[in-house]
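Chains as they are written, first to last, in numbering that gives the first Met the number 0: chain A, 0 to 333; chain B, 0 to 432.
Keep in mind that the hints were calculated from the coordinates and are not lab data.
These numbers were taken from a predicted model, which means no experiment stands behind them.
Note that CB positions come from ideal geometry on N, CA and C, so glycine has one too.
Be aware that one or more of the hints could be misleading.
Interface residues of chain B toward chain A, partial, derived using beta-carbon atoms under 10 Å [stated by the list, open to error]:
| id | residue |
| --- | --- |
| 1 | L70 |
| 2 | F72 |
| 3 | A117 |
| 4 | L119 |
| 5 | G307 |
| 6 | V362 |
| 7 | T369 |
Reference listing, derived: stretches of chain A covered by chain B, where coverage requires no fewer than 3 residues with Cβ under 8 Å from a Cβ of chain B [claimed, not checked]:
| id | segment |
| --- | --- |
| 8 | 105-116 |
| 9 | 241-255 |
| 10 | 314-328 |
With the C-beta cut set under 8 Å, the calculated list includes, among others, these residues of chain B facing chain A [to be verified]:
| id | residue |
| --- | --- |
| 11 | L34 |
| 12 | A132 |
| 13 | L141 |
| 14 | S145 |
| 15 | I148 |
| 16 | T151 |
| 17 | A256 |
| 18 | A260 |
| 19 | G264 |
| 20 | L304 |
| 21 | L308 |
| 22 | I311 |
| 23 | P318 |
| 24 | I365 |
Here's the letter readout for the chains.
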Amino acid sequence: MVRPEKSGRTILLNASGAAMLELIVISTLNGILFGMLLFLMASGLTVIFSMLGVLNFAHASFYMLGAFFGFQISRWFGFWTALLIAPLLAGAIGVAVERFGLRPVHRNGHVAELLFTFGLAFVIEEIVQIIWGKSPVDFRIPSSLDFPAFTIFSTNYPAYKMFMLLVSIAIFAALLIVLKKTRIGLIVQAALTHPHMVAHLGHNVGRIFMLVFGVGTALAAVAGVIAGPALVTQSNMAGLLGPILFVVVVVGGLGSLPGAFVASLLIGLIQTFAVSMNGSLSGAFGPLSPAYASTWLADIWGVTIAQVAPIVPYVLLVLILIFRPMGLLGTRET
Amino acid sequence: MSEIATTVAPPLPTATEKLQFYGMWVTAAVVLVLLPHLFGSGGSLTTFSLIGISIIFSLSYNILLGQTGLLSFGHAVYYGLGGFLVIHAINIIGANKLPIPLPVIPLIGGLTGLFFGALLGWVSTQRSGTAFAMISLGVAELIASSALILRTFFGGEAGVSANRTKLFKIFGWSFGPQIQIYYLVAAWTLIAVIAMYALTRTPLGRMCNAVRDNPERVQFVGYNPHVVRYLAFCFSGFFAGIAGALAAINFEIANSAYLGAQQSGTVLFAAFIGGIGFFIGPIVGAIFVTILSLGLSDLTQVWQLYFGLIFIAVVLFAPGGITGLLMMHRPLLKAGTLPQVLPSYLFALVPTLAMIAGLVLAVETIVHYTVNPGDDSHIKAFGVPFDAASPSIWAISAVLLVGGFLVARKDWVRVREAWDKAASVEREKDVAA
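Generate the whole structure from the sequences, applying the supplied hints.
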């Protein structure tokens, strides 16, 4: 690998070392970015689960709604308006869902609530398919952010990705301040561990639930709007991301916000690194003897780590369940 | 102790009760034998076969959801793996000319389901409730994604196919024609339904119910809820494997869709819409959902949307499912007060149907503009032709939707009043008696 000299200085790293370092830096950046996006959604999901006791199956659908609303609004009024309006719209839908859907179902138990959100996810996907079709829509990065932010070794890192990272970190910080420093944050925190006590203390639990649900879904929609142009905006995006989101929440520990944060970054990093690696068993130990070449063993022998990447989060889930069933930082049994 | 035991034990069934009980199963068997003589066309035979498979699958799902209280989002894993193993088994048996006839092949699928249920179940059933639901989803995704990686075994996107007619023949049946497959499915359905019903009557079946209702007390009694859940999970996997095997035999192919989330969702829909509170519920649901998905897909492009809406409506308004709704009326029927309620139903049904008609009209018109905008605006929904371009359609659907909703809301309150009155009459009778 020949590297152009910059400002007269010779880069003394040897070629393969530089490539490896480049891979590590870029993958770390991408991994943190993906992890922060996951956390934008997982945080809402965790808080909703802790307070309402219902794991919102349709949470990833609000992420998708955010992306599609963002696409549509940015077509009409530009990206920045979309970034503001789309989450509000999705949050309003979330509020309506909580008020007119989840609350009546609540008396039928948690299974009914979970089933309601399951049906909702199904219906939202169908509606999105009806309105925007099954193929990906052309959601572009705004031109004001369409330039390389900096160059590491030979790779241009796009400014839009830095913007995504900044937005998610800003929201993370804002969330932290709201949770730790404001009154409503205190109530939410209390409700994370002692939801009944909060109700006994006379807070309007119904309104808090509605608010939390709205904010949670709006956060998911923010993730959708900023991820939409960088990833693919398509009607199956909720179905692809949803299961990973649940893995994050279970691995982190159901109802644990710090756990969700750690698990988001962990899964983001693991998956990004796995995708960029090409090693396989045949690469490590040499090709399989021809006697086994056409058996199923050949599949396992020849598969690369990059190909295994989609199942890595689920393997992690099973491992966590075997060795630490309550999740990394979880305390609750159910 | 023995005194208490004898006093609380239910009386032995009388001869008429026994006759009723066994008569029911015999009737079911006779109906299954006679069905193809009444509806002999190829299409209806295929439908019956699909319904039979769906019945076994839904009932196996209800062992988890209805009887043990475990909400699984990944039940298709055991169905799909059963199907794949059976396809491979048919190929191996056919190639080596082993003397194994097709009718016993579904057992291979069942044992596969049992094996994987036993393998994955121990980890999955450590916790119940929401955690179990998420775990089942994760495990399902794990298996479904692995299926796309292990191409030699699962055949990638295309799947693996087999020829069911090349096996050892028994009674001269080749199992080529659909009628023979129908009888195979019908026989296995009857066997599986009886076996699963029997399972609910065993001490294990009862302990499953106890674990569903109050796991803490189960622990006090000296059982381990985890073990009970695990056993229920294994049985459920076994029957799901049989259903998958029959599906694989029916289509002569197994592909990754068998394992996927869609399949898991469909069985959940079927069991829940039918009603998870009664043994017969998933049977009703399987029949309903299979016919609905076959029928609706002919009538409208967006049948899956209606499917989802029906499911949400059931969750919101009839958590007992279709069977739950019907069974609700049993006490009224016994008290003879059912006729008092019926007129109010009629009053409520008219605006509700109007509301649904308005909704369908609006959806179909929107679909016309978004999915096929270039087409002729004279479209047909559910066999009713209308012009999607005319502005009056919007007005009509809005009036139907809003008007229907307002009237229906009042009428359903009246239904509840009439219901309460009818039910209280019965209660007073009880008190008087």
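Hints versus structure:
1. L70: Holds, about 5 Å.
2. F72: Check passed: Cβ of B/F72 comes within 8 Å of chain A, closer than 10 Å.
3. A117: 15 Å, violated
4. L119: 8 Å, holds
5. G307: At 4 Å from the nearest chain A Cβ, B/G307 passes the 10 Å test, so the hint holds.
6. V362: Since chain A brings a Cβ to about 8 Å from B/V362, closer than 10 Å, the hint holds.
7. T369: Status holds, d = 5 Å.
8. 105-116: Coverage by chain B holds here, the residue count being 7 at a Cβ distance below 8 Å.
9. 241-255: holds (count 6)
10. 314-328: That given contact holds, which follows from 6 residues of the segment 314-328 of chain A lying within Cβ reach (below 8 Å) of chain B.
11. L34: This interface hint is violated because 32 Å lies over the 8 Å limit.
12. A132: B/A132 check passes; min Cβ-Cβ to chain A is 6 Å, inside 8 Å.
13. L141: The hint holds - B/L141 has a Cβ within 8 Å of chain A, the shortest such distance being about 4 Å.
14. S145: For B/S145, the interface hint holds, since the closest Cβ of chain A sits about 6 Å away, which is under 8 Å.
15. I148: 6 Å, holds
16. T151: Holds, because the Cβ-Cβ distance from B/T151 to chain A comes to roughly 4 Å (cut-off 8 Å).
17. A256: 14 Å, violated
18. A260: With Cβ-Cβ at 7 Å, under 8 Å, it holds.
19. G264: 7 Å, holds
20. L304: 4 Å, holds
21. L308: Because about 6 Å separates B/L308 from the closest Cβ in chain A, which is inside the 8 Å limit, the hint holds.
22. I311: 4 Å, holds
23. P318: Interface hint status for B/P318: holds (4 Å vs cutoff 8 Å).
24. I365: Holds: closest Cβ of chain A sits about 7 Å from B/I365, inside 8 Å.
When each numbered hint is compared with the structure, violations occur for hints 3, 11 and 17.
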